[in-house]
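Those protein sequence lines, which keep their order, are chains A and B. Remember, this note's numbering sits 74 above the position in the first sequence when you count from 1. Remember, this note's numbering sits 20 above the position in the second sequence when you count from 1.
If you're looking for bench data, these hints aren't it; they were derived computationally from the structure. Don't be surprised by glycine CBs; every beta carbon is placed ideally from N, CA and C. Heads up, none of these hints are tricks.
What follows is a set of in silico ranges between Cβ atoms, one per label pair, in the way DEER data are often shown:
1. A:Pro661 with B:Glu328: 38 to 46 Å
2. A:Ala135 with B:Pro170: 47 to 55 Å
3. B:Thr60 with A:Ser683: 54 to 62 Å
4. A:Ala237 with B:Lys192: 32 to 40 Å
5. B:Gln175 with A:Gln83: 37 to 45 Å
6. B:Lys98 with A:Arg697: 42 to 50 Å
7. B:Thr235 with A:Ser683: 38 to 46 Å
8. B:Asp230 with A:Ser271: 44 to 52 Å
9. A:Arg366 with B:Gln175: 19 to 27 Å
Not the full set, but computed from the structure, chain B residues with beta-carbon under 8 Å of chain A:
10. Asp120
11. Leu126
12. Leu129
13. Thr130
14. Leu143
15. Pro151
16. Asp168
17. Pro181
18. Phe184
19. Arg185
20. Leu254
21. Asp256
22. Val260
23. Ser280
24. Glu286
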Amino acid sequence: MRVSFQSLQRHVDLAGVEPAQVAELLPMLGLEVESVASFGLAPLAHVVVGEVRSFERHPKADRLSVCQVDVGDGAPRQIVCGARNFKAGDRVPVALPGAVLPGNFEIKVGRLRDVDSHGMLCSAEELGLPAGEDGLLILGGSPALGAPLHTLFPPPDTVLEVAVTANRGDCLGLRGIAREVAAALGRPLKPLDPRSSVGLAPAPSSQDAVGFVRVTSPACPWYTLRTFRGAKVGPSPDWMRRDLEAAGLRPVNNVVDITNWVMLQTGQPLHAFDAAKVSGGVEVRAAREGERLALLDGREVALDPSVCVIADASRPLVVAGVMGGADSGVSDATADLLLEVACFVPSEVRRASRRLGVSTDSSLRFTRDADPAGVELAGRLAADLLAELAGARPAGPAVSVGKAPRAERAIRLPQGFVAAKLGAPAPEDQVAGVLRRIGFQVQASPAGLDVVVPSFRSDVERPIDLVEEYVRVHGTASVPVGRPVATAPLEPEAPAAAFAREAALRLAGAGASECCHYSLREAAEVARVVGPEAAARLALENPLTADQTHLRASLLPGLAQALRLNLSAHADPSRLFEIGTVFRPGPDGQVREHLAVALVALTEPTRRSWLARPSPDLFAAKRLLADLAALAGLAASRLAWSAAEGGLWQRGHAAALADRGRAGEGACGLLDLRWTRSLDIAGPVLAAELLLPRATLAARKLPRLEAFSAFPPVTRDLAVLVPLATPAGDVAERLRQSAAKAVGKEIAVEAVTCFDVFAGAGLPEGQRSLAFEITLRHASRTLADAEVAAAMDQVAAAAGKAGWTVRR
Amino acid sequence: MQDQLDRALSEAEAAAGAVRTRAELEALKARLVGPNGSLTAVTKVMGTLSKEERPAAGKLLNAAKARAEALLAGLLSKVEEAELAAALGPEVDPTLPSPDAPAGVLHPLTRTRERVLATFRKLGFVVAEGPEVETEWHCFDALNTPADHPARDMQDTLYLPASFRSADAPRKGEEALLLRTHTSSVQVRTMLGRKPPLRIVAPGRCFRRDAVDATHSANFHQVEGLWVDRSVTLADLRGVLDFFVKETFGPDAETRLRPSFFPFTEPSFEMDIRSPDLGRLSGRWLEILGCGLVDPKVLEACGLDPAEWSGLAFGLGLERIAMLQHGIDDIRHFYANDLRFLRQLA
Chain A
75 MRVSFQSLQR HVDLAGVEPA QVAELLPMLG LEVESVASFG LAPLAHVVVG
125 EVRSFERHPK ADRLSVCQVD VGDGAPRQIV CGARNFKAGD RVPVALPGAV
175 LPGNFEIKVG RLRDVDSHGM LCSAEELGLP AGEDGLLILG GSPALGAPLH
225 TLFPPPDTVL EVAVTANRGD CLGLRGIARE VAAALGRPLK PLDPRSSVGL
275 APAPSSQDAV GFVRVTSPAC PWYTLRTFRG AKVGPSPDWM RRDLEAAGLR
325 PVNNVVDITN WVMLQTGQPL HAFDAAKVSG GVEVRAAREG ERLALLDGRE
375 VALDPSVCVI ADASRPLVVA GVMGGADSGV SDATADLLLE VACFVPSEVR
425 RASRRLGVST DSSLRFTRDA DPAGVELAGR LAADLLAELA GARPAGPAVS
475 VGKAPRAERA IRLPQGFVAA KLGAPAPEDQ VAGVLRRIGF QVQASPAGLD
525 VVVPSFRSDV ERPIDLVEEY VRVHGTASVP VGRPVATAPL EPEAPAAAFA
575 REAALRLAGA GASECCHYSL REAAEVARVV GPEAAARLAL ENPLTADQTH
625 LRASLLPGLA QALRLNLSAH ADPSRLFEIG TVFRPGPDGQ VREHLAVALV
675 ALTEPTRRSW LARPSPDLFA AKRLLADLAA LAGLAASRLA WSAAEGGLWQ
725 RGHAAALADR GRAGEGACGL LDLRWTRSLD IAGPVLAAEL LLPRATLAAR
775 KLPRLEAFSA FPPVTRDLAV LVPLATPAGD VAERLRQSAA KAVGKEIAVE
825 AVTCFDVFAG AGLPEGQRSL AFEITLRHAS RTLADAEVAA AMDQVAAAAG
875 KAGWTVRR
Chain B
21 MQDQLDRALS EAEAAAGAVR TRAELEALKA RLVGPNGSLT AVTKVMGTLS
71 KEERPAAGKL LNAAKARAEA LLAGLLSKVE EAELAAALGP EVDPTLPSPD
121 APAGVLHPLT RTRERVLATF RKLGFVVAEG PEVETEWHCF DALNTPADHP
171 ARDMQDTLYL PASFRSADAP RKGEEALLLR THTSSVQVRT MLGRKPPLRI
221 VAPGRCFRRD AVDATHSANF HQVEGLWVDR SVTLADLRGV LDFFVKETFG
271 PDAETRLRPS FFPFTEPSFE MDIRSPDLGR LSGRWLEILG CGLVDPKVLE
321 ACGLDPAEWS GLAFGLGLER IAMLQHGIDD IRHFYANDLR FLRQLA
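Based on the sequences and whatever the hints tell you, model everything.
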């Protein structure tokens with residue numbers, strides 16, 4: 075909403091108040107000021123009226139003229155000019171050397187293609203005025219030569235661009251803004267008393283230009299239409315044109331300008347028809363399938379029954395509350411008018427506006443629930459002005475169908491309510507005074523205050539709303555700064571937050587830097603992670619861009635891209651990590667949110683070094699992933715490792731982690747080498763990702779201490795020949811089980827660790843040798859050699875049973 | 021005898037220079053004090069001397085023995101030194117650079133989030149979370165947002181197709197699922213799931229259907245705060261938020277509440293801060309968060325009686341706070357993941 079400081083003064087006396095004060099005061103009332111700009115011609119030093127005495131073509135440039143310009147100070151001065159729209163004898167604005175035009179453009183004596191120029195002849199735009207026709211601003215009425223230009227123009231105005239929040243439809247009219255300013259300054263609002271009275275009639279009389287007025291759409295609770303005869307359509311007076319231009323509206327003709335000007339004052343949109351173009355009568359109805367309407371802005375739109383229109387007997391004329399049609403509007407030939415002032419249901423206007431992609435000053439105001447009382451007020455103001463400025467006579471009372479959808483509202487504000495919400499005293503008489511300043515009627519009663527809220531404030535319905543009004547107008551500085559007592563609610567923290575914090579610190583400590591990527595990714599990338607079918611289940615309904623169409627299923631693609639970016643920036647990435655939400659469809663068709671922790675690491679150094687370090691490998695990533703799983707509270711005994719296949723992973727060089735408790739899953743190893751190479755990352759990329767379903771993520775239990783043995787362990791080695799395809803993990807698990815069975819409950823099998831892997835010379839084809847160290851310990855005594863030997867024999871026998879050859 | 025001793029020791033001292041290893045040392049020791057050593061040979065002479073000659077000879081012999089022991093001890097220390105040096109390898113040049121990568125850095129949004137959460141923990145708030153894919157009811161209806169509110173528009177909010185099913189946000193009937201536009205939905209989940217009194221802060225990722233530019237991001241991070249108790253007041257709201265601002269921006273930061281509008285709070289405010297210590301933004305009022313008292317309709321939607329319970333709520337943007345604190349002028353930096361950016365702010 076563009077608020078002209080001068081226009082505002084039509085509603086409140088602002089003597090002694092600077093525009094800057096208003097710009098400071100409005101935000102503290104809840105009306106954000108987005109910009110403050112000057113409007114009109116500001117006083118400009120050294121910009122004066124001059125007369126072009128003569129001019130000739132520039133000898134070296136066809137498009138330039140060399141002018142002799144008289145500014146009334148003796149000899150004419152020579153000024154080179156590029157405009158074409160003037161003739162000798164025209165009076166024009168002249169910026170003399172030393173002038174500074176808007177945009178900080180300083181005028182100096184200059185040479186244009188070898189011809190001296192002592193100033194500049196100006197266009198309207200160059201002076202900061204609304205752009206008119208091309209070329210110089212030709213000054214009519216032969217103003218005095220040398221007169222400062224600004225003395226020819228009305229004093230400049232200040233225009234505030236005010237962002238009106240969705241609840242304050244009343245402030246889409248100057249009167250609403252003025253009411254706020256008046257309340258803040260403690261000044262009265264100027265009265266607004268139109269002379270015309272609008273009598274209302276339920277149906278047209280013979281005086282009216284229409285035979286019927288019908289409302290058959292629920293989108294219009296109240297419709298009024300009044301006939302005016304004998305209008306003389308022509309330009310509006312300067313004051314009205316100025317007001318409209320200051321508000322950012324283009325003057326059209328006196329009738330259209332009056333409807334716009336009244337809307338600017340009251341916030342109530344109006345529409346004027348040429349009565350000659352309305353046949354039969356007027357009906358407010360749903361549009362019919364297949365109907366079309368050519369709008370005022372030149373577009374033609376297809377209508378459907380979801381859109382409410384104003385139609386005559388044969389066709390739609392106006393999209394209700396949104397925009398008029400091109401061929402029923404007021405033109406220079408119009409003599410009889412129909413003036414529509416109505417209430418439309420905000421949601422219906424919003425829907426039509428969105429449906430047709432048309433947003434107007436009218437639709438904006440209707441969607442913010444314009445004040446029903448404005449129907450009568452705006453009608454009377456417009457009638458006054460139509461008589462005064464266009465000579466139009468009302469034919470009779472306005473035809474009125476329906477009634478105001480809402481009126482004043484009474485609210486009981488209980489005693490002490492404001493103070494209880496404020497946390498500070500708020501004397502009743504002070505509250506009453508503040509509310510009266512914004513136009514509320516207040517009556518004190520023993521139970522509290524009885525407040526009548528005018529219809530222009532649709533947003534004030536409850537006592538709590540009155541608290542807001544009091545605080546807003548009385549000033550938020552009066553809200554005391556309390557001293558909150560810090561209690562400790564008996565609530566646990568979200569486990570995900572605690573885990574994420576610890577995991578981030580751990581990964582940073584391991585040399586990885588944290589990244590943060592967008593959650594929305596492109597289809598192909600998500601398909602690479604989870605396959606095309608699952609990816610389709612992660613698609614958005616209404617993505618904004620083609621590269622952000624799907625929810626992410628993994629953090630790794632983003633991290634791989636960050637590696638590439640930082641490699642090309644020579645920013646020396648080696649390890650990156652991210653923690654965030656990823657989405658995975660489950661076998662039940664439901665998508666689950668997982669807290670994901672992911673890491674990528676380059677296996678080749680990015681810098682040369684005088685001292686070589688071994689490259690990190692799958693087993694470095696495995697260690698990290700296992701540690702993260704432990705941090706997340708996944709029990710090591712329930713974890714199972716296997717070879718990872720497909721997706722992001724390089725076949726044969728990656729491991730998948732499964733949790734039998736279904737509290738998490740993960741994978742680690744090399745990323746698919748073809749993929750990372752396609753990202754311009756030359757060497758293999760090591761990665762790990764742990765996914766923890768948010769729903770089952772639980773706070774980690776504090777561990778309980780278990781007693782440990784004071785006696786020494788015994789270790790024995792066992793080597794077995796197994797087929798190449800048999801995973802070492804399976805063999806270890808089998809050995810552990812058979813050892814546990816062999817030693818019984820008293821003796822703990824503390825570890826079965828593979829410490830040597832050998833294949834090749836001397837071994838049978840297709841076999842490899844795995845050597846394990848088995849650690850046993852008794853809780854309460856030293857183990858005897860004999861019992862250990864007996865147990866190891868049983869382990870060896872079990873290995874043999876599994877088809878493996880025990881090497882002695 | 022003096023001569024004999026001197027000769028034996030001189031010979032040993034002359035040989036000592038060539039001793040490098042423990043074996044050579046043992047050999048020298050044997051030549052001097054071993055059973056057949058040169059000094060041992062002189063000792064044997066003692067028995068042939070007279071009673072009168074012995075004290076003087078004994079003195080000479082003791083002095084010679086001490087000299088021999090000192091010599092051998094010195095050699096032992098030299099040999100041990102050489103052995104250690106061999107085990108350790110050559111001495112290093114401590115001015116050479118470490119070949120290892122430096123410790124990683126946390127993302128500035130993580131650090132900002134942890135600072136913000138730490139501040140509110142001091143006031144007794146605990147961290148709560150909710151799903152990113154949310155039901156329309158939790159994100160809008162329960163928060164008193166009208167059905168035709170522009171925020172619900174397909175233009176502004178990212179929706180999921182009707183076929184989408186979320187395990188974390190099961191929907192009732194045919195309501196839509198969407199990517200939450202604010203963390204205020206966690207207020208609703210908290211009030212429905214726990215009994216007041218409540219004090220929570222909910223950090224999380226939010227989404228708007230915005231084209232990315234210097235001030236808009238496809239997703240961003242908020243921290244939502246909610247305090248519900250028997251009589252929560254605007255003074256409490258100001259007390260909490262003033263404390264937060266002073267913890268975050270220093271004791272010289274001033275605050276003001278500017279009236280505003282949100283469907284889920286009444287009264288509603290934006291909080292502005294002004295600080296002398298914000299670079300080129302110093303001394304200007306800057307909007308940092310939205311806040312207010314929980315609207316009674318929100319309490320009712322969450323099953324709480326507004327006559328019994330009242331609450332305050334606030335929501336702040338982590339990017340906004342981090343941008344102000346670090347002097348960052350483009351929100352895209354947070355998602356570009358350029359290490360030159362990330363490392364600077366560690």
